[in-house]
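Trainee: Heads up: the protein sequence lines correspond to chains A and B, in order. So the first sequence is numbered by this note's numbering: it starts at 1 and just counts up by one. So the second sequence is numbered by this note's numbering: it starts at 1001 and just counts up by one.
Take these hints with a grain of salt, some might be off.
Claimed, not checked - The calculated label-pair distances, taken between Cβ atoms and stated as ranges, are:
no. : chain 1 : residue 1 : chain 2 : residue 2 : range
1   : B       : Pro1396   : A       : Ala203    : 44 to 52 Å
2   : A       : Phe96     : B       : Pro1345   : 40 to 48 Å
3   : A       : Gly176    : B       : Pro1345   : 26 to 34 Å
4   : B       : Glu1160   : A       : Thr64     : 18 to 26 Å
5   : B       : His1125   : A       : Ser60     : 31 to 39 Å
6   : A       : Leu14     : B       : Arg1300   : 18 to 26 Å
7   : B       : Pro1345   : A       : Tyr47     : 36 to 44 Å
8   : A       : Gly122    : B       : Pro1149   : 23 to 31 Å
9   : A       : His205    : B       : Asn1207   : 38 to 46 Å
10  : B       : Gln1417   : A       : His205    : 29 to 37 Å
11  : B       : Arg1284   : A       : Leu14     : 21 to 29 Å
12  : B       : Pro1345   : A       : Gly122    : 33 to 41 Å
These are calculated hints, taken from the structure and not from any lab test. All of these numbers come straight from a predicted model, not from anything done at the bench. Glycine is no exception: its CB is placed at the ideal position from the N, C-alpha and C atoms.
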Amino acid sequence: MNTVWVMVAFLEALAALALPPLLMSVIAKTKAWFGGRVGPPWLQPYYELAKLLRKNAVYSETTTWVFRAGPIISLAALLTAAALVPVLSNRSPLGFPGDVILVAYLFALGRMFTVLAAMDTGSSFEGMGASREVTFGAMSEPALFLAFVVLAVATGSLQLSQMLGPTLLDEWQIAGPAMVLVIGALLVVLLTEACRVPVDDPATHLELTMIHEVMVLDHSGPEFAYITYGAALKFMLLGSVLLHVAIPHPESFVFLDPVLRVVELVALAGVVGVIESAMARLRLNRVPLLLAGATVLSAIAVVIVFARRTL
Amino acid sequence: MTGDGKWITTRQGESVDLAAIPCVEPNSFAERIIDGKSHGGRLAQLFGRRAPDGGVTLYAFLAYDSDGIVQVCSSRLAAPAPGRAPEYPSVSALWPAAQALEREIAEQLGVHPVGHPWLKPLRYHGTDNGAPAPWGQFNPAKTIPGDYPFYRVDGEEVHEVAVGPVHAGVIEPGHFRFQCHGEEVLHLEIVLGYQHRGVEALLLHRNATRSAMVAETIAGDTSIGHAFAYCAALEALAGARVSVHAHAIRGIALELERLANHIGDLGALCGDVAFLPGASYLGRLRGEFLNLTLEICGNRFGRNLLRPGGVLFDVDSELADRLHKRLKSLQAEVLQVLDMVFMQPSVLARFEGAGALSEAQAEEIGLVGPAARACGCMRDVRHDHPHGVYQFSHIPVAIETTGDVYARAVVRWLEVQRSLAFLLELLGNKPAGKPFAPLGAFKPNAMAFGMCETWRGEAMHVAFTDNTGALDFIKVKDPSIHNWFGLALALRGVPISDFPLCNKSFNLSYAGHDL
Chain A
1 MNTVWVMVAF
11 LEALAALALP
21 PLLMSVIAKT
31 KAWFGGRVGP
41 PWLQPYYELA
51 KLLRKNAVYS
61 ETTTWVFRAG
71 PIISLAALLT
81 AAALVPVLSN
91 RSPLGFPGDV
101 ILVAYLFALG
111 RMFTVLAAMD
121 TGSSFEGMGA
131 SREVTFGAMS
141 EPALFLAFVV
151 LAVATGSLQL
161 SQMLGPTLLD
171 EWQIAGPAMV
181 LVIGALLVVL
191 LTEACRVPVD
201 DPATHLELTM
211 IHEVMVLDHS
221 GPEFAYITYG
231 AALKFMLLGS
241 VLLHVAIPHP
251 ESFVFLDPVL
261 RVVELVALAG
271 VVGVIESAMA
281 RLRLNRVPLL
291 LAGATVLSAI
301 AVVIVFARRT
311 L
Chain B
1001 MTGDGKWITT
1011 RQGESVDLAA
1021 IPCVEPNSFA
1031 ERIIDGKSHG
1041 GRLAQLFGRR
1051 APDGGVTLYA
1061 FLAYDSDGIV
1071 QVCSSRLAAP
1081 APGRAPEYPS
1091 VSALWPAAQA
1101 LEREIAEQLG
1111 VHPVGHPWLK
1121 PLRYHGTDNG
1131 APAPWGQFNP
1141 AKTIPGDYPF
1151 YRVDGEEVHE
1161 VAVGPVHAGV
1171 IEPGHFRFQC
1181 HGEEVLHLEI
1191 VLGYQHRGVE
1201 ALLLHRNATR
1211 SAMVAETIAG
1221 DTSIGHAFAY
1231 CAALEALAGA
1241 RVSVHAHAIR
1251 GIALELERLA
1261 NHIGDLGALC
1271 GDVAFLPGAS
1281 YLGRLRGEFL
1291 NLTLEICGNR
1301 FGRNLLRPGG
1311 VLFDVDSELA
1321 DRLHKRLKSL
1331 QAEVLQVLDM
1341 VFMQPSVLAR
1351 FEGAGALSEA
1361 QAEEIGLVGP
1371 AARACGCMRD
1381 VRHDHPHGVY
1391 QFSHIPVAIE
1401 TTGDVYARAV
1411 VRWLEVQRSL
1421 AFLLELLGNK
1431 PAGKPFAPLG
1441 AFKPNAMAFG
1451 MCETWRGEAM
1461 HVAFTDNTGA
1471 LDFIKVKDPS
1481 IHNWFGLALA
1491 LRGVPISDFP
1501 LCNKSFNLSY
1511 AGHDL
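Work the whole structure out from these sequences, hints included.
Mentor: Below is the structure:
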């Protein structure tokens, strides 16, 4: 019995790691549909990763080891976080009380090294991108943490796999409005961290307006593959957090659970694609207002869950 | 306008005897121009021409838009003593609209406009006789951004961003130097000249067919517009009467060019703010309009359609009906998509207030075209100096007042509507006639100009003949030379992330500027 569970968990982890590029494809297909186009093939992100992994990297003479370490450390941080976040079921491969703090700062570590690698090139574009990334990252952090506070209070746990577990089903009964607010905040955090419209425009070629894309302009070959994959992985992880809050599944059924989660993730990517197709990007100096709004949503949710318990 | 022989008055389609152009002392040339300004003149052209004796003749063209006339005067700078540059008091010191035009004079002829506040190379080439320009000798071994006296802002938190000449998109080369404080642009300097190819000399090619083709490639997206102005200038010199039928076909081609470019620009503006449906649909619709031009002359950009004397491709009634039908269905589609774009709050939030210029600024720096109309300047060659078909049917001038990206977009939107209505009317009652009649001989010792409201603004070609009646000088002006400075001005105090949007809202030509 034990070996079966290990097998299931292993397959689940493999499936979770294979999924992120497909989600990018879903977004691209949704956008293409809105634009009246066919769009790239479904497997295009995988082809691109394979192509990049076969290539050589080019390094600018002005860069140092930081530039080469950036993508590797960022990907490593995200993979570690992936082991702590429940994706396709209510379990995560690893977990301990308080790992929620680790997950949040693994994201921050990944960001820090992307930013350092960008600054290492000495390019003014990448410097601007880095400054925007850090500003918006710092502003989305309170929204994320206050959302975690809500989940911690609701579930009485500081371990992410339990905070996102079936106990949330009860919380929807106790403090439904708080959960709705948390979903709103997490959606904004997802769009910001994954660099999607209305915060960033992943499709633009205009260096002066970019945030994430401009920071990785100098990367090439396998390292660029790590960055591309890492961005997709980050989207899936934050998306999973959002989905586990929005649609808590009861105690796992072995196979139905992962299938449902994949369907939900694809649907979420579709929703992001719709948002991206239906509205323009915000002016850069308006983004902080959006993030402040998300923080306020989380803060009100905190008040509600506490109030439900003390009053 | 001013009278009493200080200026000679002319208009589109007329030629002027060179001897009749009033000539003033170089020292009072700038004063005379400023006097014209105070009477309502707008600086349409200012250029110098090398005289056979080594001196330089300066010509100023002031357009009086509400009267439909242009006044011309000249000034003669004698050949200077060796080692000394000819000079005259600068116009730009009093009227910034002249700044690029005077830099061109300094660069081409080595003349020093004394007191010019921004005397720097314009296109980065040597003078015609090898004499040093006011900023020194031209050094072809150095690259432009490497050897250019950029304006710099110093300070602890000020940083400099250099963009181009190689860009991430498939666009023309130009160098942009931003002085920024955080995200805010304090100053933008635009350095062009990478595409200088000697258009004005190429236009004097002995083979007239070839020079008409050069005129069409001054700015590739303005083939019809420049060919229109070029033909108008040459036809005025020949005193030719072009058939009404040919004029109508020119009007059709010019408005189709405007529609294709305006719709393409509006789509690109949507693309810059990441509004996908607008970018996709308008991008496709632009192609539909280019294809209509293709139907007329076999080229999507209207190459080889206009020639001095008429047009080379006829639009018979069968083709006119077909175009009318296609336009009718496109009209519904275009207006629906544009309604959708301009109803989108997230798009308007990006357009409104971005890169605003005031009407006073627009007047001072001499903006033209949709960029000027977006600031509230009533200025449209089709209305003010009508030529050809525009003498018979009128297009209302589209005006906005806020001067920002939104206003520039709305002016294009209005012009799309009005051009469509104009075209449908023109194709409905098309006069018949001969599309082409070869030009006769040019008047000797004469000068004539042709102006055209291209989709980007006023293009102007001025042509001179010698005493045998052969063309010996052509001066070309693309609207971009007026408007690039407007873009730099609009960027002050704007977040640098809005630069691509502002740039696209002007959508200026590099090739047309560099000639």
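Trainee: Could you say whether the range 26 to 34 Å given as a hint is met by the Cβ separation of A/Gly176 and B/Pro1345?
Mentor: Between A/Gly176 and B/Pro1345, where Cβ atoms are some 29 Å apart, the hint holds.
Trainee: Mind checking the hinted window 40 to 48 Å against the Cβ distance between A/Phe96 and B/Pro1345?
Mentor: 46 Å, holds
Trainee: How does the Cβ-Cβ distance of A/Gly122 and B/Pro1149 compare with 23 to 31 Å: does it lie in that range?
Mentor: The hinted range 23 to 31 Å holds for A/Gly122 and B/Pro1149, with Cβ atoms some 24 Å apart.
Trainee: Can you tell me whether the CB distance of B/Pro1396 to A/Ala203 sits inside 44 to 52 Å?
Mentor: Check failed, 37 Å falls outside 44 to 52 Å.
Trainee: Determine whether the Cβ-Cβ distance between A/His205 and B/Asn1207 falls within the hinted range of 38 to 46 Å.
Mentor: 40 Å, holds
Trainee: Assuming the hint says 31 to 39 Å, is it satisfied by the Cβ distance from B/His1125 to A/Ser60 or not?
Mentor: 33 Å, holds
Trainee: Cβ-Cβ distance between A/Leu14 and B/Arg1300: within 18 to 26 Å?
Mentor: Hint violated: Cβ distance 51 Å, outside 18 to 26 Å.
Trainee: Do the Cβ positions of B/Pro1345 and A/Gly122 conform to the proposed distance bound of 33 to 41 Å?
Mentor: Holds, at about 40 Å.
Trainee: Quick one: are B/Pro1345 and A/Tyr47 within 36 to 44 Å, going by C-beta?
Mentor: With a Cβ separation near 38 Å, B/Pro1345 and A/Tyr47 satisfy 36 to 44 Å, so the hint holds.
Trainee: Regarding B/Gln1417 and A/His205, is the given constraint of 29 to 37 Å on their beta-carbon distance met?
Mentor: Holds - the Cβ-Cβ distance for B/Gln1417 and A/His205, about 30 Å, lies within 29 to 37 Å.
Trainee: State, for the Cβ atoms of B/Glu1160 and A/Thr64, whether the hinted interval 18 to 26 Å holds or is violated.
Mentor: Check passed, 23 Å falls within 18 to 26 Å.
Trainee: The hint says 21 to 29 Å between B/Arg1284 and A/Leu14; measuring C-beta to C-beta, is that right?
Mentor: 42 Å, violated
Of the numbered hints given earlier, the model fails hints 1, 6, 11; all others are met.
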